Amino acid sequence: MGRPVIAEPRRAALPLRRWQAMTLAERQAWLAWLFLLPALLVVVGVAMVPLAQTVYFSFTDKRLGALRPAQWVGLENFRFLLTDPLWWTAVKVTVQFTLITVAFEFLLGLLIALVVNSRFPGRGPMRAAMLVPWAIPTVLSAQMWKWMYNDIFGVINDLLKRAGLIEQNIAWLARPDTSLLAVASIDIWKTTPFVALLLLAGLQVIPDELYEAATVDGANKVRQFFTITLPLLRPAIVVALIFRTLDALRVFDVFYVLFGARPDMQTMAVYAQNYIVAFSDVGYGSAISVAIFLVIAIFVVAYVTTLKVEVQT
Amino acid sequence: MRWASAQRRDLRQRPSRILFYVVLAMIAIYLVFPFYWAIRSAIVPDAVQFATPVVYWPEDPSLENFRKVLATGQFRRALLNSAIVAGTVTLLSLAVGAMGAYALGRFRFRGSTPVRYIILSMTMFPSISVLGGLYTLITQFGLYNKLGALVYSYLIFTLPFTVWVLMTFFRQLPRDLEEAAYVDGASPFQTFWRIMLPLSAPGLVTTGLLAFIAAWNEFLYALSFTQTPDKRTVTLAIFYFSPQTGGGFEIPWGQMMAATVIVTLPLIVLTLIFQRRIIAGLTAGAVKG
Numbered sequence: 031m032g033r034p035v036i037a038e039p040r041r042a043a044l045p046l047r048r049w050q051a052m053t054l055a056e057r058q059a060w061l062a063w064l065f066l067l068p069a070l071l072v073v074v075g076v077a078m079v080p081l082a083q084t085v086y087f088s089f090t091d092k093r094l095g096a097l098r099p100a101q102w103v104g105l106e107n108f109r110f111l112l113t114d115p116l117w118w119t120a121v122k123v124t125v126q127f128t129l130i131t132v133a134f135e136f137l138l139g140l141l142i143a144l145v146v147n148s149r150f151p152g153r154g155p156m157r158a159a160m161l162v163p164w165a166i167p168t169v170l171s172a173q174m175w176k177w178m179y180n181d182i183f184g185v186i187n188d189l190l191k192r193a194g195l196i197e198q199n200i201a202w203l204a205r206p207d208t209s210l211l212a213v214a215s216i217d218i219w220k221t222t223p224f225v226a227l228l229l230l231a232g233l234q235v236i237p238d239e240l241y242e243a244a245t246v247d248g249a250n251k252v253r254q255f256f257t258i259t260l261p262l263l264r265p266a267i268v269v270a271l272i273f274r275t276l277d278a279l280r281v282f283d284v285f286y287v288l289f290g291a292r293p294d295m296q297t298m299a300v301y302a303q304n305y306i307v308a309f310s311d312v313g314y315g316s317a318i319s320v321a322i323f324l325v326i327a328i329f330v331v332a333y334v335t336t337l338k339v340e341v342q343t
Numbered sequence: 076m077r078w079a080s081a082q083r084r085d086l087r088q089r090p091s092r093i094l095f096y097v098v099l100a101m102i103a104i105y106l107v108f109p110f111y112w113a114i115r116s117a118i119v120p121d122a123v124q125f126a127t128p129v130v131y132w133p134e135d136p137s138l139e140n141f142r143k144v145l146a147t148g149q150f151r152r153a154l155l156n157s158a159i160v161a162g163t164v165t166l167l168s169l170a171v172g173a174m175g176a177y178a179l180g181r182f183r184f185r186g187s188t189p190v191r192y193i194i195l196s197m198t199m200f201p202s203i204s205v206l207g208g209l210y211t212l213i214t215q216f217g218l219y220n221k222l223g224a225l226v227y228s229y230l231i232f233t234l235p236f237t238v239w240v241l242m243t244f245f246r247q248l249p250r251d252l253e254e255a256a257y258v259d260g261a262s263p264f265q266t267f268w269r270i271m272l273p274l275s276a277p278g279l280v281t282t283g284l285l286a287f288i289a290a291w292n293e294f295l296y297a298l299s300f301t302q303t304p305d306k307r308t309v310t311l312a313i314f315y316f317s318p319q320t321g322g323g324f325e326i327p328w329g330q331m332m333a334a335t336v337i338v339t340l341p342l343i344v345l346t347l348i349f350q351r352r353i354i355a356g357l358t359a360g361a362v363k364g
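As given, the protein sequences belong to chains A and B, one line each in that order. When you line the first sequence up against the working numbering, it's residues 31 to 343, in that order. When you line the second sequence up against the working numbering, it's residues 76 to 364, in that order.
Keep in mind the hints are simulated off the structure, nothing from the lab. Note that the structure is a prediction, hence the values are computed from the model and not measured. Some hints could be false.
Short, incomplete list of chain B residues facing chain A, as computed with Cβ under 8 Å [to be verified]: (1) Pro109; (2) Val226; (3) Trp328.
Using N, Cα and C, we set each Cβ at its ideal position, and we do this for glycine too.
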């Protein structure tokens, strides 16, 4: 009778005693994991499990709402993907879009950063104006530009006609030869200021003394730009390029708003989403998602090897 | 003499100074003009909207488009949905993210480096790469076409970012503060809640704002995980504007632009108020991420 009465409080006290016996470092580790727990649960539930599932589905013929369970089909989806002309069109559109937008955003962003970096009255409002395109949701800026590109009532046709650059209205978004440029111009408008802000942050840490010394030594502005600004701006440039490339390769919103699932103007992400949601073909759609991941990985590896980025945390 | 040379220098510099301001003005116009055009299109009546040649400066502006778009229950519903979703996501990721960031930023323990790498890689995660898995999970849990599906899925991009930025924030706080609290007998959680969290308020405001904007602007998951008009967020509502919405044959651009201005204006005001902090948060997240 007496034994459990004595044993009960002892067992309850055990965790506390173990806690007291721990070293400070051990306690810290326990506490840290405790604080991390909710975040880890979210990471696992929202990212890890869906990612693992997506990879698994890419090897199956999983369909949503199908009566029979999904079956393992091995590399069948990927074999089909390699010969799928629509997929290759999507890759071409996405890569072209990426090259155009990243190049323009970088050059234009650098120009804006250099201009805004010099002292002039009205610099504050100018920096504020730079955040306006960034603050507008992509879907809304796409709609704004869609209206501006309107073939009959659009302001862009009107401006170009007034400037004498075109004689007839152009259906920018319908014509195959202008669609890509039109959609690229929207992304360039929206994201160039962001690139400029990144580069501006890099410019501001370059000490003024370097330029003063260079001026004393007789180096002109152009020379100063290539020997001081550009090398010291390199880390910021690398970060901006990588960020923009990764973003451009997974572009979805602006294309979907302008073109829906128009076969000649789908990006990789639009193509995958369309298969998964519209066709409920989760298996093939997941294979496309995995392929997107691989394409992005190729770009990352190419960047890291050519620019010799040092990864740091 | 001195005056003369100063004047000569001024004269020599003037052309480049003028060029500088021309470039500056062109950049400013380029950045702001599309938004000006949205406002202009929102405040002109349809008769002016669909007239050629284009009218650049409206003679008699009216708020008719705003009245019409706000009169539709669907748009008001979308505003409410977006506020609910973005608000919940922001609060959740701040609560969960601040605790995680505190652990990663202030504690030394084995396994912290892999966790940091996982979080970092998640900040660059393309949303599309988990769509298949998320879509099936959401249907299985019966979350499809519910706002909960959006709250759940948006955490994938708000949480890693929140943890990352707040972690760098916590690291900058001086160590003696914590030690003083422990000496005074505060528990670890009290130290976190009473001392570290209030001190990181500026960081919380910035990351919260960025998370809110990201959730407010989201489109891919909202498009994929909802179906009926009463579950639409603002981005979806504006995407689905169609000739039927306006009761005509042409898309009701005026109303759509009015809706765009309504949705964007608060964001722009917030962005301008917190300008410095947002730039700091964006560049910190990017340069260190």
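The hints, checked one at a time:
1. Pro109: Holds - the Cβ of proline 109/B comes within 8 Å of chain A, reaching about 5 Å at its closest.
2. Val226: 10 Å, violated
3. Trp328: 5 Å, holds
When the structure is compared with the earlier hints, a violation turns up for hint 2 alone.
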